[in-house]
Amino acid sequence: MIELSTISRILFGFALYYPLFMAYLWMAGALIYYFHWERKELKNTTNFQEPLPPISIIVPCHNEGDNARETIEQLLLQNYPDFEIIAINDASTDTTKEILDQLAIQHEQVRVIHFEKNMGKAAAMNMGAMASKREFLICIDGDALLDEDAAACIMPHFIHGPRVGAVTGNPRIRTRSSLLGKIQVGEFSAIIGLIKRAQRIYGRVFTVSGVVAGFRKAALHRVGYWSTDMITDDIDVSWKLQLDHWDIRFEPKATCWILMPETYTGLLRQRIRWAQGGIEVLLKNFKQLGVWKSRRMWMVYIEFITSVFWSFSIVVTMLLYLLGLFLDVPPEIRVHSLLPSWGGVLLGITCLIQFALSLYIEANYEKNIWKYYYWMIWFPIAYWLINVIAVVFGLPRALLRKKGENATWVSPDRGIREK
Amino acid sequence: MPPGSAPIGGSVKNNFIIDTPKFQTLRLKYSSTLITLIFWIIWFYLWVPLITLAGWWLQLKFFEQEMLIVDGLDAFLDVLPVFIAVTLALTGTLAIWALYNFTRFKGMDRRKALPPVQNSDLLQLWAISEVNLTGAQTNKISTISISEDGNITVNKEYQNHKPSP
Numbered sequence: 013m014i015e016l017s018t019i020s021r022i023l024f025g026f027a028l029y030y031p032l033f034m035a036y037l038w039m040a041g042a043l044i045y046y047f048h049w050e051r052k053e054l055k056n057t058t059n060f061q062e063p064l065p066p067i068s069i070i071v072p073c074h075n076e077g078d079n080a081r082e083t084i085e086q087l088l089l090q091n092y093p094d095f096e097i098i099a100i101n102d103a104s105t106d107t108t109k110e111i112l113d114q115l116a117i118q119h120e121q122v123r124v125i126h127f128e129k130n131m132g133k134a135a136a137m138n139m140g141a142m143a144s145k146r147e148f149l150i151c152i153d154g155d156a157l158l159d160e161d162a163a164a165c166i167m168p169h170f171i172h173g174p175r176v177g178a179v180t181g182n183p184r185i186r187t188r189s190s191l192l193g194k195i196q197v198g199e200f201s202a203i204i205g206l207i208k209r210a211q212r213i214y215g216r217v218f219t220v221s222g223v224v225a226g227f228r229k230a231a232l233h234r235v236g237y238w239s240t241d242m243i244t245d246d247i248d249v250s251w252k253l254q255l256d257h258w259d260i261r262f263e264p265k266a267t268c269w270i271l272m273p274e275t276y277t278g279l280l281r282q283r284i285r286w287a288q289g290g291i292e293v294l295l296k297n298f299k300q301l302g303v304w305k306s307r308r309m310w311m312v313y314i315e316f317i318t319s320v321f322w323s324f325s326i327v328v329t330m331l332l333y334l335l336g337l338f339l340d341v342p343p344e345i346r347v348h349s350l351l352p353s354w355g356g357v358l359l360g361i362t363c364l365i366q367f368a369l370s371l372y373i374e375a376n377y378e379k380n381i382w383k384y385y386y387w388m389i390w391f392p393i394a395y396w397l398i399n400v401i402a403v404v405f406g407l408p409r410a411l412l413r414k415k416g417e418n419a420t421w422v423s424p425d426r427g428i429r430e431k
Numbered sequence: 005m006p007p008g009s010a011p012i013g014g015s016v017k018n019n020f021i022i023d024t025p026k027f028q029t030l031r032l033k034y035s036s037t038l039i040t041l042i043f044w045i046i047w048f049y050l051w052v053p054l055i056t057l058a059g060w061w062l063q064l065k066f067f068e069q070e071m072l073i074v075d076g077l078d079a080f081l082d083v084l085p086v087f088i089a090v091t092l093a094l095t096g097t098l099a100i101w102a103l104y105n106f107t108r109f110k111g112m113d114r115r116k117a118l119p120p121v122q123n124s125d126l127l128q129l130w131a132i133s134e135v136n137l138t139g140a141q142t143n144k145i146s147t148i149s150i151s152e153d154g155n156i157t158v159n160k161e162y163q164n165h166k167p168s169p
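Taken in order, these protein sequences are the chains called U and L.
Here the first sequence is numbered in my numbering, starting from 13 and rising by one per residue.
Here the second sequence is numbered in my numbering, starting from 5 and rising by one per residue.
One or more hints might be untrue.
Result set (BS3-like, lysine-lysine): computed pairs, CA atoms no more than 25 Å apart in a straight line [claimed, not checked]:
(1) Lys144(L) with Lys160(L)
(2) Lys144(L) with Lys129(U)
(3) Lys109(U) with Lys144(L)
(4) Lys116(L) with Lys145(U)
Where chain L lies over chain U, by a calculated footprint (3+ residues, C-beta under 8 Å) [stated by the list, open to error]:
(5) 121 to 128
(6) 140 to 146
(7) 179 to 189
(8) 210 to 217
These are calculated hints, taken from the structure and not from any lab test.
Every residue gets a Cβ at the ideal spot worked out from N, C-alpha and C, and that includes glycine.
Could you put the whole structure together from the sequences, leaning on the hints where they help?
Below is the structure:
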């Protein structure tokens, strides 16, 4: 029989070393990606030497009265020869309808679809895809601002890669007034950006960015477009495409400026939804894990399952520490301190190296990003905690959610802005 | 000049970035600064073992107490070879995997491009009539309703289409 001390040693070791080893793996992957592809591409300026196919830009909007005009007027500035914008108003209760109608009347390239009742983002994008006669779609959120050259940077991936089903863009945080906003700037560079690059080296990515991604309609058609019953449609469509053997690429030059929560409640709600969505997708596709044809997705499966286990290992460690304060816990499993001493030093250094590396890469797309390094000291301890809480709350939600129900949700707060 | 940028004085400002700390509530502002400070202090606390290491070299008696933490250093040194081995194994495997893929798939794409999706494909997939599909694809402004059983109806919105001043 396995001794209690062995179990606790494995548990505590896993809690400490998992983020450590993953950080080095992501850094190695990101470096390979950077030196193999990205650095060369940085020198290539956008040009329209080759013919670019017509595209539709799909913009799902639900209560985007404050943002829709800015989003669409920015889209109209795309340096792209032939594009139309299809905005879908998902039964908004604010001024979205009136604003979109005005924009459609003012601009030839804009078309608008209104839903009679709130159907969710996935349904909105499905109808947007149906309403488009074009083979290539770029989907962006109704509160995001797309860089003028983004479409022209995304499309060559489809033109030169017949097995490319989707291309995910590079989301950049706009809302940076508060500490939460500032550390999300680091998170999107160091965690999300770095992981996307590393996953491109594995061959498969966990998800496209829901806020900005390009799609090949033929690929979407094969997998039945977006699932209306999944709380994170972006993760779901990414897995469906890749399990159907389509490639997903990352295009860091396709920047898209996004609004993120700047309150603790808003951020936590958003993260719980992301965690819940990831787990829902994992459960939905769990059987595929054992299929040999899905082997290229194994790394993504393993990485996600391990990260869920890691969140729970942290919870168990904390519980054991708290229990030890009040009860007589066996010494083998007693946690004396939550500060991991030497391990903490190693973890802290690793995390700062990871941030430094990612900001070095991301500085190619955003000057002055280094000034956010100061705020990154927060990340290793506090921000991981938010993600642990998100998984712990997200798992039961994913398990208990009624299957087949339309997934609708309201965006959390969109940061601190002048009204 | 990068997109979304505008010259302000002698520098370039990115208009997309919203950095208006003045709109934070006082509570949010001071709590953020305080928490950051606390975490910097914790961070320096984690460096205490390294300072202890310096004490080892200097053999100062003053650091005797901190030297107890050298147990921690021993533990770290014990685990260091394993740590390096695992990190090298993981990153090495990834590098070999990348090299294998770069070599294997260089200039080769086994999948042929699929033909673009046609309206006949869409009609087959969605519960929609041809008239409604054409409407959805050509109307400037439409209203779509989807029934419980998935039937899609498209209505053209009739309203004043004169451009607003």
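Verification of the supplied hints:
For the hint pairing Lys144(L) with Lys160(L), the CA-to-CA distance comes to about 8 Å; that is within 25 Å, so the pair holds. A threshold of 25 Å between alpha carbons decides the hint, and for Lys144(L) with Lys129(U) the separation of about 20 Å falls inside it, so the pair holds. A distance of roughly 14 Å separates the Cα atoms of Lys109(U) and Lys144(L); the hinted pair therefore holds under the 25 Å criterion. Between the alpha carbons of Lys116(L) and Lys145(U) the distance comes to roughly 22 Å, so the proposed pair stays at or under 25 Å and holds.
Figure legend: the stretch 121 to 128 of chain U, annotated as covered by chain L; annotation consistent (6 residues with Cβ-Cβ distances under 8 Å, at least 3 required). Proximity of the stretch 140 to 146 of chain U to chain L, defined as three or more residues with a beta carbon under 8 Å from a beta carbon of that chain, is established by the 4 residues found. Check on the stretch 179 to 189 of chain U: 5 of its residues sit with their Cβ under 8 Å from a Cβ of chain L, so the three-residue criterion for coverage holds. Beta-carbon proximity to chain L at under 8 Å applies to 4 residues in the stretch 210 to 217 of chain U; the threshold of 3 is reached and the given coverage holds.
In this structure, every one of the numbered hints holds.
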